[in-house]
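As they're listed, the protein sequences go chains A and B.
Under this note's numbering, think of the first position of the first sequence as 1, with each following residue one higher.
Under this note's numbering, think of the first position of the second sequence as 512, with each following residue one higher.
Careful, some of the hints might be misleading.
Simulated crosslink set (DSS-like; lysine-lysine; CA at most 30 Å straight-line) [claimed, not checked]:
id : chain 1 : residue 1 : chain 2 : residue 2
1  : A       : Lys375    : B       : Lys738
2  : B       : Lys639    : A       : Lys388
3  : B       : Lys738    : A       : Lys400
4  : B       : Lys738    : A       : Lys393
5  : B       : Lys738    : A       : Lys388
6  : A       : Lys204    : A       : Lys245
7  : A       : Lys393    : B       : Lys639
8  : B       : Lys738    : A       : Lys245
9  : A       : Lys204    : A       : Lys487
10 : B       : Lys747    : A       : Lys375
11 : A       : Lys245    : B       : Lys747
12 : A       : Lys375    : B       : Lys639
13 : A       : Lys487    : B       : Lys738
14 : A       : Lys208    : B       : Lys738
15 : A       : Lys279    : A       : Lys375
16 : B       : Lys738    : A       : Lys279
17 : A       : Lys192    : A       : Lys393
18 : A       : Lys260    : B       : Lys738
19 : A       : Lys260    : B       : Lys747
FRET-style restraints, in silico, Cβ to Cβ [what the hints assert, rightly or not]:
id : chain 1 : residue 1 : chain 2 : residue 2 : range
20 : A       : Glu356    : B       : Pro540    : 15 to 25 Å
21 : B       : Phe518    : A       : Lys487    : 47 to 57 Å
22 : A       : Asn358    : B       : Phe634    : 13 to 23 Å
23 : A       : Gly352    : B       : Val591    : 46 to 56 Å
24 : A       : Glu348    : B       : Phe634    : 35 to 45 Å
25 : A       : Ser237    : B       : Ser637    : 26 to 36 Å
26 : A       : Ile126    : B       : Pro540    : 52 to 62 Å
Simulated from the structure, these hints should not be mistaken for lab results.
Glycine included, C-beta positions come from ideal geometry on N, C-alpha and C.
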Amino acid sequence: MKSKGIKKFSMFFALTFVMTTLVGCAQTTYKPEFSDGLVINLSGGDWGYPSPYTHYSRGPGMFKMRLIFDSLLERGEEGLIPWLAKDYDISNDGKVYTFVLNQGVKWHDGKDLTAEDVKFSFEYFIEHTPVVDDLTIGDETFIESIDVVDDYTIKITVKCPNATILSRLGATRIIPKHIWEGIDDPKKFTEKEATVGCGPYILKEYNKEQGAYRFEAFEEYWGPKPKVDSIQFIPVSDNILAFNKGEIDITGITADLLSKYEGDDEYAIMQNPAFWGYKLMFNMDRREELKDKNIRYAIAHSIDVQELIDKVARGAAVPGSSGYLPVDHIWYNQNVRRYDYNIDRARELLKGKDLELNLVISNSEEELRIGELLKISLAKSGIELDVKSVDMKTRDAMVKSGDYELALIGHGGWGGDPDMLRRTYATGAIPGYSNEEIDKLADLQLMELDEDKRREVVFELQERIGGELPLIPLYNTTGYIVYRPGKYNGWMYMFDHHEVTHSKLSYLEER
Amino acid sequence: MSNLGKFAIVIIIVIIVLGILSPLISRHPHNLPSGSALESPSWEHWLGTDDLGIDIWAQICHGARASTFVGAGTALLAGVGGSIVGMLSGYLGGDSDRIIMRISDMAMALPDMPTTIILGAFFGPSLKNIIIAISLYSWVAPARLVRSKVLAIKEENYMKAAKSYGANFWHMTKVHFLPQVLPLIAVSMIRLFSKAVVVEAGLSFLGLGDPTSKSWGVILHHAINFKGIYFTEYWKWWLVSPVFIMMSFTTSLAIISRELERLWNGKIEWI
Numbered sequence: 001m002k003s004k005g006i007k008k009f010s011m012f013f014a015l016t017f018v019m020t021t022l023v024g025c026a027q028t029t030y031k032p033e034f035s036d037g038l039v040i041n042l043s044g045g046d047w048g049y050p051s052p053y054t055h056y057s058r059g060p061g062m063f064k065m066r067l068i069f070d071s072l073l074e075r076g077e078e079g080l081i082p083w084l085a086k087d088y089d090i091s092n093d094g095k096v097y098t099f100v101l102n103q104g105v106k107w108h109d110g111k112d113l114t115a116e117d118v119k120f121s122f123e124y125f126i127e128h129t130p131v132v133d134d135l136t137i138g139d140e141t142f143i144e145s146i147d148v149v150d151d152y153t154i155k156i157t158v159k160c161p162n163a164t165i166l167s168r169l170g171a172t173r174i175i176p177k178h179i180w181e182g183i184d185d186p187k188k189f190t191e192k193e194a195t196v197g198c199g200p201y202i203l204k205e206y207n208k209e210q211g212a213y214r215f216e217a218f219e220e221y222w223g224p225k226p227k228v229d230s231i232q233f234i235p236v237s238d239n240i241l242a243f244n245k246g247e248i249d250i251t252g253i254t255a256d257l258l259s260k261y262e263g264d265d266e267y268a269i270m271q272n273p274a275f276w277g278y279k280l281m282f283n284m285d286r287r288e289e290l291k292d293k294n295i296r297y298a299i300a301h302s303i304d305v306q307e308l309i310d311k312v313a314r315g316a317a318v319p320g321s322s323g324y325l326p327v328d329h330i331w332y333n334q335n336v337r338r339y340d341y342n343i344d345r346a347r348e349l350l351k352g353k354d355l356e357l358n359l360v361i362s363n364s365e366e367e368l369r370i371g372e373l374l375k376i377s378l379a380k381s382g383i384e385l386d387v388k389s390v391d392m393k394t395r396d397a398m399v400k401s402g403d404y405e406l407a408l409i410g411h412g413g414w415g416g417d418p419d420m421l422r423r424t425y426a427t428g429a430i431p432g433y434s435n436e437e438i439d440k441l442a443d444l445q446l447m448e449l450d451e452d453k454r455r456e457v458v459f460e461l462q463e464r465i466g467g468e469l470p471l472i473p474l475y476n477t478t479g480y481i482v483y484r485p486g487k488y489n490g491w492m493y494m495f496d497h498h499e500v501t502h503s504k505l506s507y508l509e510e511r
Numbered sequence: 512m513s514n515l516g517k518f519a520i521v522i523i524i525v526i527i528v529l530g531i532l533s534p535l536i537s538r539h540p541h542n543l544p545s546g547s548a549l550e551s552p553s554w555e556h557w558l559g560t561d562d563l564g565i566d567i568w569a570q571i572c573h574g575a576r577a578s579t580f581v582g583a584g585t586a587l588l589a590g591v592g593g594s595i596v597g598m599l600s601g602y603l604g605g606d607s608d609r610i611i612m613r614i615s616d617m618a619m620a621l622p623d624m625p626t627t628i629i630l631g632a633f634f635g636p637s638l639k640n641i642i643i644a645i646s647l648y649s650w651v652a653p654a655r656l657v658r659s660k661v662l663a664i665k666e667e668n669y670m671k672a673a674k675s676y677g678a679n680f681w682h683m684t685k686v687h688f689l690p691q692v693l694p695l696i697a698v699s700m701i702r703l704f705s706k707a708v709v710v711e712a713g714l715s716f717l718g719l720g721d722p723t724s725k726s727w728g729v730i731l732h733h734a735i736n737f738k739g740i741y742f743t744e745y746w747k748w749w750l751v752s753p754v755f756i757m758m759s760f761t762t763s764l765a766i767i768s769r770e771l772e773r774l775w776n777g778k779i780e781w782i
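Whenever a hint applies, use it, and build me the whole structure from the sequences.
The structure is reproduced here in structure tokens:
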């Protein structure tokens, strides 16, 4: 009887608590403007003003900008597909790229898009580097010259052919010449005109404080008709609660909640490909001892990746590959060196040395938990971690500027072109790390135009990287998403990306 | 003292003992996984485990340390410090009184939680800094209470007599002020104690506390931020435990301070 009383008592307290939290949410709920047609609501958050110069350099920022700005090619389910360019041709020597544009493409302000705009966009991006810079390799651009053949044909000559040029040219956003011509400092250009694009959606509202965006379909869009009339990003405090209340239309869930949605016709579940992951980075400038391969091996052997996956990702992840490219990548090499969880081996490699290292992580719940587990398991091998958690944007900036000893960072894009290996590992990418062999192979894969030969080089490069271990890929997430197909069923993945809401094609009619 | 008051004192003592003896009382460590993730309460794990497989009972016991540390620290720093300031201000009067009271006005005008958040973020998250941050604005209440009491005492005839016999500040404090303001100080220190516990938990809950401290607020923070915890059964032990202990603790403190006020009612007229 007494225990029952206590149970009731505690239930009452918990309920009061939960209810107060919920009331809190209800009061802050963002009430979007009423609009006709199909409205898709997604979880908000401030990712910057969606112009090519002012969005935040992470997936949610990039794809919002891409809803507004089209590019010559688009990422489809299987690979690159013709988009603004209906056709393209590459010369035999791989130096001249000719794109033929679709006709009748309009800017959001009603003006026509011509080859002049395309030429202008490329030149402008070379002069003023945008957030996502596809036109620079190393320190300089690979473009030699851009010629307008006629209103709808453009010819781009490159300095030296390489394997990534088509995807780089294809991904570059096209911006209206008549608006950007007079802009000298694009990073400060946040007028309404800065988001006039030629893409399927127009930015109607942006509220930085609330992290709210509203996009509406562009009626005169040249391409496949938008199926969704309006896309709204609304601030919610808890995605899963908001999804259940019908405030948002798609959410990520953990494996614990699968049973709640499985077998119910109202819901559909998809599992993301492993193209989002966490990695542990070393700054070998700050800590010279990390230049010793054995120390890096010792750290890798001290990490129980399976435990991280079971506890933090709740099982929905795959172990990272020491060669970087994740299991789901088309060019994943399974013969890379593996580092099992083995404390004895780690101790052996450390040769009795005690290490004290500072680890910087963001303040997301997952990273706090990973940080805690890393601290516990590294302590077993005699490596003391001092974990410091900062705001996500601060951590990103610290990683970018090399202001860390060890850093934990999670990000997407692991399914992209294998040239990411060069950007991640070549000299200059990891502070204090340089390896001739890796540099050589990284350049080789970039220059190799033959697909099969390039694949071989990339495979060798992965093995080399796995043996060197200049950073440790921890795990790649394969999270579940759930949505209501009765409301909207158009979600689809891009061939190299983990997230359906980031795909422009998710919102458009099939062609 | 009423039975309720005695009961509250027992609860406070039990919680403080839990904190002090936490390594002896809990058979599992508070910082290392000792079971699999999210086990429900059992004989082995009385309150179950959290997502990392760490025993929650052990964390609650250990969390009592962090919470009482912050509470006691704030009560001492702000309570004693504030009382001294109040006494000086009331005794000295004149310009020094005016200056001290205007400073206290400023401190009082600041909204508590936002100020703590900013100070906490500025000094960096650690229990010590949280104590300082909370103390920076909560010294005002005891200071003003003590000042008004001292002002009243100062006007008594026996005080004037004492002064004419050459009693200095310390003598008067020892013999006249302290015995009369002590109940005031005690009550406001208990209030500060429970306020500090709640503010620390609030900060940790927001993720601004000391993540390594394992205070009750930190347990709550991790539980609440577990994706979709409301739709699993995990909240029944992971979320309820810290909420329950925090509520018992602060409710008991509130009851005690009320009881003390009642006990001393004859001596203190301000109620």
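Going through the hints against the structure:
| no. | hint | result |
| --- | --- | --- |
| 1 | A/Lys375 / B/Lys738 | 23 Å, holds |
| 2 | B/Lys639 / A/Lys388 | 17 Å, holds |
| 3 | B/Lys738 / A/Lys400 | 29 Å, holds |
| 4 | B/Lys738 / A/Lys393 | 22 Å, holds |
| 5 | B/Lys738 / A/Lys388 | 23 Å, holds |
| 6 | A/Lys204 / A/Lys245 | 25 Å, holds |
| 7 | A/Lys393 / B/Lys639 | 26 Å, holds |
| 8 | B/Lys738 / A/Lys245 | 16 Å, holds |
| 9 | A/Lys204 / A/Lys487 | 23 Å, holds |
| 10 | B/Lys747 / A/Lys375 | 28 Å, holds |
| 11 | A/Lys245 / B/Lys747 | 22 Å, holds |
| 12 | A/Lys375 / B/Lys639 | 22 Å, holds |
| 13 | A/Lys487 / B/Lys738 | 24 Å, holds |
| 14 | A/Lys208 / B/Lys738 | 25 Å, holds |
| 15 | A/Lys279 / A/Lys375 | 15 Å, holds |
| 16 | B/Lys738 / A/Lys279 | 22 Å, holds |
| 17 | A/Lys192 / A/Lys393 | 25 Å, holds |
| 18 | A/Lys260 / B/Lys738 | 14 Å, holds |
| 19 | A/Lys260 / B/Lys747 | 17 Å, holds |
| 20 | A/Glu356 / B/Pro540: 15 to 25 Å | 22 Å, holds |
| 21 | B/Phe518 / A/Lys487: 47 to 57 Å | 54 Å, holds |
| 22 | A/Asn358 / B/Phe634: 13 to 23 Å | 19 Å, holds |
| 23 | A/Gly352 / B/Val591: 46 to 56 Å | 49 Å, holds |
| 24 | A/Glu348 / B/Phe634: 35 to 45 Å | 42 Å, holds |
| 25 | A/Ser237 / B/Ser637: 26 to 36 Å | 27 Å, holds |
| 26 | A/Ile126 / B/Pro540: 52 to 62 Å | 58 Å, holds |
No hint from the list above goes unmet by this structure.
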